[in-house]
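Line order of the protein sequences matches chains H and D.
Throughout the first sequence, residue numbering follows our numbering, covering 1 to 427 in sequence.
Throughout the second sequence, residue numbering follows our numbering, covering 1 to 196 in sequence.
Worth flagging that the hints you see were computed from the coordinates, not collected in a lab.
Everything numeric in this text was worked out from a predicted model, so none of it was measured.
Honestly, I wouldn't trust all of these hints.
[Stated by the list, open to error] If you want the ones that stay clear, here's a sample from chain D, every Cβ over 12 Å from chain H, calculated:
id : residue
1  : E25
2  : D31
3  : L43
4  : E47
5  : Q60
6  : T70
7  : S91
8  : I104
9  : S109
10 : A126
11 : G139
12 : I152
13 : I170
14 : G181
15 : K193
[Said to hold, decoys possible] List of simulated lysine-lysine pairs, PhoX-like, C-alpha gap at most 20 Å:
id : chain 1 : residue 1 : chain 2 : residue 2
16 : D       : K193      : H       : K322
17 : D       : K157      : D       : K193
18 : D       : K187      : D       : K157
19 : H       : K103      : D       : K193
20 : D       : K193      : H       : K96
Ideal Cβ positions, reconstructed from N, Cα and C, are used throughout, including at glycine.
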Amino acid sequence: MLKGISETALIAGRGVLLLALFVLQGCALSQYQSTGMSLYLDSHSLTETLAKLQSQSPEPRDLPMHLLNLGMVNHLIGNYQRSNQDLEAAKRALEKVQAISVKEGLTSSTLNETFNDYSATHSEQILLHVVKALNYLAQNDLSAARVEALQSDLLIRELAEESADLASARFIAGLIYELNQEWSDAMISYRKAEQALTRRTLPIPAVLQVRLVNISQQLGLEQEYQQYLARFGPQTASLPEGYAEVLVISLNGKVPVKQQRMFSIYAPALGHFVTIAQPYYLPRTGPLVTGSQHAGAHPLALGLLEDVDGLAREALQAGEAKRVALSLSRIVAKHQMVKKARKQDPLLGLLTDLASVLTEVADIRSWSLLPAVIQVGTLQLPIGPDILLNTIYPGKSQPAQRVEVKSGAMQLLITNSYRPSSQLIYY
Amino acid sequence: MKRWIMLMVTLSLIVGCSTKVTRLEPDQAMDLSGSWNDTDSRLVAQEMIQDALSHPWISQFESSQGQSPTVIVGTVQNVSHEHINVNTFVSDMERALINSGRVIFVASSQERSEIRKERVDQDLNATDKTRSAAGNEIGADYMLKGQINTLIDVASKDQVRYYQVDLTLISMKDNRKVWLGQKKIKKLVERSKLRY
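The shape of chain H in the complex, shown without the other chains (with noise of 0.2 Å):
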């Protein structure tokens, strides 16, 4: 039987697995760098993480998931400016590869999607200017975040999907437009968000009521107003005497990690295997917003701006119709492969069959370490001198801070669930 196999043949089968392999190796590590970094956050500080993220060296097409992560990393750390670094240079990548790329339909019809240009989901190429957004508030650069602000109202106009528009997006719009005292402008940020909640069947944050109430009596949108107070009921304010408020907005937890799910049967019709690999998530176990009402002593009524952990989920679904008819044009012209490759020898078809097999995997690529829940709530605490404890997240590290709390301005904490922090932002 050996000896009637041609010796070009089994080169060309050697040829056909090595080809496998590499594309094995390629995706494996293509793979690991997206959820091994959510992963390793699980056991590792933030410090540890960067300093993991910063000695690996991505392939071009991960670069921008790379840069996400390594952006997110920053932020988490403090390390702002740097993050802004990041998620630009993130930015520009995600830009370059957002037209249709000719090579990459072909390789994801013939043998995997993990060869295409990491290009993120809407909602994460959103998220990415809440980002940055943050970042520069948190350094008191009100003009820079309001760019920011302005560039996501422009991805989602260009988007042009109404799942694109974000609550977050929205309310941190709304909120640079506040700190500007651009009224109108914040006014529409807010009535947007408020939208976009609703469309997710979300509650309300009170923080949003408030504003959504007293904005809109303030511009004299009459009729707005009185459905809003409809709605919400009246939004006085209840500051006790020598009190301030402090806006916190609250990164916590961590999305989820997606994974792969593999098929693979003989089909007699074909006469070779059949394999189909698909992306998908774990089901949440647990409820998704965790975390206390209160920082140390202090009362905290945080409430949910953005489920993002929820966003993930929705867009490996938005994406299932055009994934399935992949992995059948994938099927399709596999078979033609090893057809061709048995006609030729019945062990070339043999290993051809192999290599369909082994080439088929799905891309569990995605900004792995973006936060499961946005927050934003108030924290009311005595005008003047006091030792802030952010005791938001039970069991994490808290350092407590002296913080001089101030009247008549505003200001914000931002804190995450993996560094609390207790650094007050006046504006």
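With chain H held as given, fit chain D onto it using these hints.
Frame of chain H; chain D shown alone:
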């Protein structure tokens, strides 16, 4: 023969992948992304300052005061969709103003505080002959303030970017606005829908 073809293909690929640097003249217009760039900054500053200097406020001041007006550049606010380095635009305007020779130009508030610090240092450490005394600064007669604004119309991958730069010259004495300048730039940015 086949080897030669392979070698040629490999070489052409290497050449294609290597970094290429082309030196350009600083005033050469080069639009890559469609964003606000050095050419926009320079041309807008030049044209607006020329416009400002061609209006009657300057001759009226000269005839009433018998000297050239003193101007200071105040804040130019970026309220556009882009992270524009306003400093380069401000320095382009300062250059156009100084080079015109028609106005006296004084240092900005940031520059002044540095100079004042130096003067305090001179008071302590410099000799009497070389020391510059405090209280001899020239006060500005006019302040130039402005805003860079954008309107962007979007359809799919294409954008029409409309930049509007508004400058105002305000009299320091009585808050009168003596000149209002406006410069508009419109760009159509067509992004490729296909790539290799």
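Unsatisfied constraints (hint numbers, rising): 12, 15
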